[in-house]
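These protein sequence lines are chains A, B, C and D, in that order.
Our numbering applies: residue 8 is where the first sequence begins, and numbers increase by one.
Our numbering applies: residue 8 is where the second sequence begins, and numbers increase by one.
Our numbering applies: residue 8 is where the third sequence begins, and numbers increase by one.
Our numbering applies: residue 8 is where the fourth sequence begins, and numbers increase by one.
I should point out that these hints are in silico values taken from the structure, not numbers from a laboratory.
Hints are not guaranteed to be accurate.
Same chains, same label: a pair holds when it works inside one copy or across any pair of copies.
List time: in silico DMTMM-like cross-link candidates among lysine to aspartate or glutamate, alpha-carbon distance up to 25 Å [to be verified]: (1) Lys-38 to Asp-69; (2) Lys-9 to Glu-90; (3) Lys-9 to Asp-111; (4) Lys-119 to Asp-78; (5) Lys-38 to Asp-78; (6) Lys-38 to Glu-73; (7) Lys-9 to Glu-73.
Number of protein chains: 4
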Amino acid sequence: MKFEIASPTPFILMLRPRSGAQQWVERDEFKITPTTPIFEFTDSYGNLCQRLIAQPGLFSIDTSSEVITADYIDSGFDAPFVEIQNLPDSVLSYLLPSRYCESDFFNEMSVKITQGHLLGYNQVSAITNWLRENISYVPGSNYQPISAIQVNERQFGVCTDLAHLGIALCRSLSIPARIVVGYLYNLEPMDMHAWFEAYIGNRWYTFDATQHGTPGGYVVLGFGRDAADVAIFNQFGPAVYPIEQLISVDQIEE
Amino acid sequence: MKFEIASPTPFILMLRPRSGAQQWVERDEFKITPTTPIFEFTDSYGNLCQRLIAQPGLFSIDTSSEVITADYIDSGFDAPFVEIQNLPDSVLSYLLPSRYCESDFFNEMSVKITQGHLLGYNQVSAITNWLRENISYVPGSNYQPISAIQVNERQFGVCTDLAHLGIALCRSLSIPARIVVGYLYNLEPMDMHAWFEAYIGNRWYTFDATQHGTPGGYVVLGFGRDAADVAIFNQFGPAVYPIEQLISVDQIEE
Amino acid sequence: MKFEIASPTPFILMLRPRSGAQQWVERDEFKITPTTPIFEFTDSYGNLCQRLIAQPGLFSIDTSSEVITADYIDSGFDAPFVEIQNLPDSVLSYLLPSRYCESDFFNEMSVKITQGHLLGYNQVSAITNWLRENISYVPGSNYQPISAIQVNERQFGVCTDLAHLGIALCRSLSIPARIVVGYLYNLEPMDMHAWFEAYIGNRWYTFDATQHGTPGGYVVLGFGRDAADVAIFNQFGPAVYPIEQLISVDQIEE
Amino acid sequence: MKFEIASPTPFILMLRPRSGAQQWVERDEFKITPTTPIFEFTDSYGNLCQRLIAQPGLFSIDTSSEVITADYIDSGFDAPFVEIQNLPDSVLSYLLPSRYCESDFFNEMSVKITQGHLLGYNQVSAITNWLRENISYVPGSNYQPISAIQVNERQFGVCTDLAHLGIALCRSLSIPARIVVGYLYNLEPMDMHAWFEAYIGNRWYTFDATQHGTPGGYVVLGFGRDAADVAIFNQFGPAVYPIEQLISVDQIEE
Numbered sequence: 008m009k010f011e012i013a014s015p016t017p018f019i020l021m022l023r024p025r026s027g028a029q030q031w032v033e034r035d036e037f038k039i040t041p042t043t044p045i046f047e048f049t050d051s052y053g054n055l056c057q058r059l060i061a062q063p064g065l066f067s068i069d070t071s072s073e074v075i076t077a078d079y080i081d082s083g084f085d086a087p088f089v090e091i092q093n094l095p096d097s098v099l100s101y102l103l104p105s106r107y108c109e110s111d112f113f114n115e116m117s118v119k120i121t122q123g124h125l126l127g128y129n130q131v132s133a134i135t136n137w138l139r140e141n142i143s144y145v146p147g148s149n150y151q152p153i154s155a156i157q158v159n160e161r162q163f164g165v166c167t168d169l170a171h172l173g174i175a176l177c178r179s180l181s182i183p184a185r186i187v188v189g190y191l192y193n194l195e196p197m198d199m200h201a202w203f204e205a206y207i208g209n210r211w212y213t214f215d216a217t218q219h220g221t222p223g224g225y226v227v228l229g230f231g232r233d234a235a236d237v238a239i240f241n242q243f244g245p246a247v248y249p250i251e252q253l254i255s256v257d258q259i260e261e
Numbered sequence: 008m009k010f011e012i013a014s015p016t017p018f019i020l021m022l023r024p025r026s027g028a029q030q031w032v033e034r035d036e037f038k039i040t041p042t043t044p045i046f047e048f049t050d051s052y053g054n055l056c057q058r059l060i061a062q063p064g065l066f067s068i069d070t071s072s073e074v075i076t077a078d079y080i081d082s083g084f085d086a087p088f089v090e091i092q093n094l095p096d097s098v099l100s101y102l103l104p105s106r107y108c109e110s111d112f113f114n115e116m117s118v119k120i121t122q123g124h125l126l127g128y129n130q131v132s133a134i135t136n137w138l139r140e141n142i143s144y145v146p147g148s149n150y151q152p153i154s155a156i157q158v159n160e161r162q163f164g165v166c167t168d169l170a171h172l173g174i175a176l177c178r179s180l181s182i183p184a185r186i187v188v189g190y191l192y193n194l195e196p197m198d199m200h201a202w203f204e205a206y207i208g209n210r211w212y213t214f215d216a217t218q219h220g221t222p223g224g225y226v227v228l229g230f231g232r233d234a235a236d237v238a239i240f241n242q243f244g245p246a247v248y249p250i251e252q253l254i255s256v257d258q259i260e261e
Numbered sequence: 008m009k010f011e012i013a014s015p016t017p018f019i020l021m022l023r024p025r026s027g028a029q030q031w032v033e034r035d036e037f038k039i040t041p042t043t044p045i046f047e048f049t050d051s052y053g054n055l056c057q058r059l060i061a062q063p064g065l066f067s068i069d070t071s072s073e074v075i076t077a078d079y080i081d082s083g084f085d086a087p088f089v090e091i092q093n094l095p096d097s098v099l100s101y102l103l104p105s106r107y108c109e110s111d112f113f114n115e116m117s118v119k120i121t122q123g124h125l126l127g128y129n130q131v132s133a134i135t136n137w138l139r140e141n142i143s144y145v146p147g148s149n150y151q152p153i154s155a156i157q158v159n160e161r162q163f164g165v166c167t168d169l170a171h172l173g174i175a176l177c178r179s180l181s182i183p184a185r186i187v188v189g190y191l192y193n194l195e196p197m198d199m200h201a202w203f204e205a206y207i208g209n210r211w212y213t214f215d216a217t218q219h220g221t222p223g224g225y226v227v228l229g230f231g232r233d234a235a236d237v238a239i240f241n242q243f244g245p246a247v248y249p250i251e252q253l254i255s256v257d258q259i260e261e
Numbered sequence: 008m009k010f011e012i013a014s015p016t017p018f019i020l021m022l023r024p025r026s027g028a029q030q031w032v033e034r035d036e037f038k039i040t041p042t043t044p045i046f047e048f049t050d051s052y053g054n055l056c057q058r059l060i061a062q063p064g065l066f067s068i069d070t071s072s073e074v075i076t077a078d079y080i081d082s083g084f085d086a087p088f089v090e091i092q093n094l095p096d097s098v099l100s101y102l103l104p105s106r107y108c109e110s111d112f113f114n115e116m117s118v119k120i121t122q123g124h125l126l127g128y129n130q131v132s133a134i135t136n137w138l139r140e141n142i143s144y145v146p147g148s149n150y151q152p153i154s155a156i157q158v159n160e161r162q163f164g165v166c167t168d169l170a171h172l173g174i175a176l177c178r179s180l181s182i183p184a185r186i187v188v189g190y191l192y193n194l195e196p197m198d199m200h201a202w203f204e205a206y207i208g209n210r211w212y213t214f215d216a217t218q219h220g221t222p223g224g225y226v227v228l229g230f231g232r233d234a235a236d237v238a239i240f241n242q243f244g245p246a247v248y249p250i251e252q253l254i255s256v257d258q259i260e261e
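Working from the sequences, and respecting the hints, build out all of it.
Right, dumping it as structure tokens:
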């Protein structure tokens, strides 16, 4: 990512993948040019975030990682709905409406979409199928996040838009759901990517309405309630846009 | 608070004031009738929350506290704006847009309102004055939270509505702002109350566009990004409404 | 608790019981005389702690609570040992040696004591029985915490001493164990009390080698690795001792 | 690091440096051979820890990092002692005695060593100088951590031993102190290294009684109360020792 900076500009980045239950970071590089003091902290979702002030002139961020990830995402047909009283404390906040996921508006719709499906994984699977069939995935159609209500009206959107609507529908059924940003191997066209996870059967499962089947190759950069929490860069002061942004995801031969 | 429960209903409450920098809880009572297993946890904002499942029948919650609080809220004229790079990590999330505070829409408006004011406390004070003059405070006019954009269109609202618009305006100027719910001595008419805080001069200051002057007597129950985070009760399953809710705040003679 | 303070003295207290999985605080009072600014925070074990500076003169702390607690502590015969790899992250630190629990010295001894017992609850039960038979419980025999090695040499001690040795023996078998301080109904002679918990079968169980049977009536004030973490008061500067300390625990008729 | 494993062995590692206020990790590699599921979590000190179960056979861990670090450690002569009441909550636990730092025993000694020195940095500097002159640094003299009391009796020790005594002396003066493990450029002989930090003038300062002057090149792997918290590997079950451990720290030309 390259920027041309006019005046000193504070940035908060979320560009370092974290090893966790779903991926192992074997190698990670994170270079800032020119060298600038950077401070890394963990936000309340557990994401590694980087703070810095970019000085005027050319400013570039180069990151690269080798991550061990699953070949296929887990599917969990029939994994049961977790009763509210049995959810871990830390998962409860993913039931609440958020900036771009107005779950308080979607209960009627989500009940209709999931009718006849077993409570839990099968409901989220029905929601994801509904999104695939009813909301066109149009990469590049949108540069600012819009909210689930707007996505539902427009009936098309980028990956983030489909995730927001999916999340709002899940939460309206009392299923905790969160957005994930990162990379996806073989994504067409290649770009940053966003998808969502739902908490079912005592764990998080991955759902991605922009893809078919359950191919793996997902690399997580961050989790949050919606796009407001997981901007890969937040910048303050006069708006600055990347003059160049190159992304590639390759498979490493074993 | 009294409910008539038809089927077992999970609740998450936020009804225990916490001692902290701003108040000292000398006495606290929290009774549930009939006795029901309750689990208390701390959410990611530091609030004490209570989880329980209400069983069918009459269900009542009685809380009462004696809290030492300031006679006047602090005012901090000329307290300076804190540059993004100097904000504590834990405060950064209060810069982001949230469900009911679409700060991403308000920059133009907030710049206009605060023109000519020193960066920091004086800006937030100008915003609060603007709210007092332009958004009518109409208790009871609204029972579901609406968002800052909607408040700005309607030009009237309840305490939560004024707080949401104030928060959105602050964040659009890169001033961290959060909602506070609790009680206020002498509030007319007596009810639960909501106001907001802004982070200036390295601390949080209290602002309340529903009141004039700086009387104290605020008792905090919880903090959050907006009303979605600080519901004094969140209830899941078929909607249940209190059949009775009595609130009183009295001064204790020393 | 009453003190006579000669010069301004910082205190950190741990005197507010917290509602949680094991107890519900129905009523809580916490008064400081004379009134002094107090700040409450949550430490890394989840305990509520209070910070203040006592000014010269008489200084007293009065706390009182009504707590709903179990009539009998749970026993969990045959509850299984949890393999290290299945322990929650947050429990791992309770496997490590600490100031007063030099678990690294006790493996041989703990293996001998627990020989022939099923891994898990039954091992900890064997350890508790061994303590009852081999380390005399002598209230008031000791005013400064001593460590498990010293307790084992002396073969008598106060409640904290028995807990420290129990914890060290558990940890040496890779069973997470922690100290608990609080009150116990019917304790003879009445005083603050300490006991320990061990993590078995995916939950914490209570063990108290100073008592026989499994009577309940335990009120928890704080958890920690050992007595260093759970002092009900930590005071800094020239040593100050309570000139009076009154404790009582009564049963409230339902 | 290479091991020969006889039976499945749970490990907890602390081998991933974290970017923070003091260092920036530009590149990081962390490979396990053979490939084994690993889970990474953050402990209560903020360290990145890795959990895994090594299977029987040869098992090796290869890590390598490029870290930007200061050329010289900061010295802060005359930086003032922070009064207890002004310490951040999160620093308070570093005042307490811990497994290997029995600070409760050292007040008389630390008062003597620091007599005539300004409260704060200069006291810790006096302690570090005293350690340099009175406790011989003998790499390899010790393979199990011993406690500050034992170090003080023996009058020689490894880097960890000097750090433990330094920490105990600081804490006995109400100066928060913590151990740090990691790497040091130009350490002779090359090995893992440990030193300590003290909290003075509202920040942490680095002290290392094994070195002279204030050369930089420190790479932090973890922080803790003492060696019990920051083992670079904790292993459970029958003891396993590395059959090979190679460490090198090189300067990268810019």
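Of the numbered hints stated previously, which ones are contradicted by the structure, given in increasing order?
Violated hint (a single one): 4; every other hint is consistent with the structure.
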